[in-house]
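Visitor: Here is how the chains run, residue by residue.
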Amino acid sequence: MSWDLLIFYYLAIVMIVSTVLAVFSRNPVYTVLLVLIMIVHQAFVLLTLGSDFLTAVQLIVYAGAVLVLFLFVVYLINLRKETQLNIFIKRFSLSFIIFLVSMFFLLKNLGVLVALKPTFPAYLPFDLEKNSNTWWIATYLFTNYLLQFEILGVILLVAIFGVVFLIRKVREVG
Amino acid sequence: MLTQGHYLALSSILFLIGLFGLLFRRNLIVILVSIEIMLNAIIILFASISYYTKDTSGYIVVFFIIAMAAAEAAIGLSLVVLIYRKLRRIYSDEITFFKG
Numbered sequence: 020m021s022w023d024l025l026i027f028y029y030l031a032i033v034m035i036v037s038t039v040l041a042v043f044s045r046n047p048v049y050t051v052l053l054v055l056i057m058i059v060h061q062a063f064v065l066l067t068l069g070s071d072f073l074t075a076v077q078l079i080v081y082a083g084a085v086l087v088l089f090l091f092v093v094y095l096i097n098l099r100k101e102t103q104l105n106i107f108i109k110r111f112s113l114s115f116i117i118f119l120v121s122m123f124f125l126l127k128n129l130g131v132l133v134a135l136k137p138t139f140p141a142y143l144p145f146d147l148e149k150n151s152n153t154w155w156i157a158t159y160l161f162t163n164y165l166l167q168f169e170i171l172g173v174i175l176l177v178a179i180f181g182v183v184f185l186i187r188k189v190r191e192v193g
Numbered sequence: 035m036l037t038q039g040h041y042l043a044l045s046s047i048l049f050l051i052g053l054f055g056l057l058f059r060r061n062l063i064v065i066l067v068s069i070e071i072m073l074n075a076i077i078i079l080f081a082s083i084s085y086y087t088k089d090t091s092g093y094i095v096v097f098f099i100i101a102m103a104a105a106e107a108a109i110g111l112s113l114v115v116l117i118y119r120k121l122r123r124i125y126s127d128e129i130t131f132f133k134g
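Taken in sequence, the protein lines are chains A and B.
Here the numbering used here is used: the first residue of the first sequence is 20, the next is one more, and so on.
Here the numbering used here is used: the first residue of the second sequence is 35, the next is one more, and so on.
Because the hints were derived from the structure by calculation, they are not lab data.
We put the CB at the ideal spot given by N, CA and C, even for glycine.
Treat each hint with caution, since some may be false.
Unchecked claim - Derived list of chain A stretches under chain B, where covered just means 3 residues or more per stretch with a C-beta under 8 Å from a C-beta of chain B:
(1) 44–53
(2) 59–65
(3) 117–127
Could you put the whole structure together from the sequences, leaning on the hints where they help?
Guide: Take a look at the structure:
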């Protein structure tokens, strides 16, 4: 077995096991920490896919910002009754049937998906021999995708204003 | 030999685990975390397509997805805090605000 397969299987197994444990764990703190393990391994999956820039972005934004936000909210909302309540039985059968059926059909037809080859040339081709991956992303992001980049900035600004608007204390009038 | 099929299988399995968690958990925070798991599966899908077809646009879509996920998590968690402050409960079948 070659090295890339070995590394891929390690990353995939750790990701799947930690995700399953996160979905099934009773304590939300454990859920967030297991998803943190999954996201760090996923950053290295992006590294095996040839993008060092996206690895850094994934580690900084997801592991550094989003999951810390989740942890803050979990600590803010004190959930003592979670451990006593039986929360798993209720909708288990229906969602598990949906999960199994979709997984079966997806893995059965995976060969067809893999065998599909693109018949059109690459829209924005890159060449790692010439320049690094970060150079290519920056070049296309600031030329072809400039408008979308600006719109993304506006969306983040609206999200910040929306959070401040939602969380503010409402003063009772009259 | 590592092919695109490996990445597709990993991405689809993670997406279905996230969908499963979204359907059967009742805690609102865990539902939001399941949405994050599904977004991460889509990130793997786009990055693998981009790597195997030598096309940069998939990486740029991944960049956009990460930024959108940050905005979505902020808005969703503020809604969760708001619901908890108003109703003092966080399980999705106990929130019957609009039923009266």
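Visitor: None of the hints should be skipped; say for each whether it holds.
Guide: Do the hints match the structure? See the list:
1. 44–53: holds (count 3)
2. 59–65: n = 3 at 8 Å, threshold three: holds.
3. 117–127: It holds, with 6 qualifying residues against the three required.
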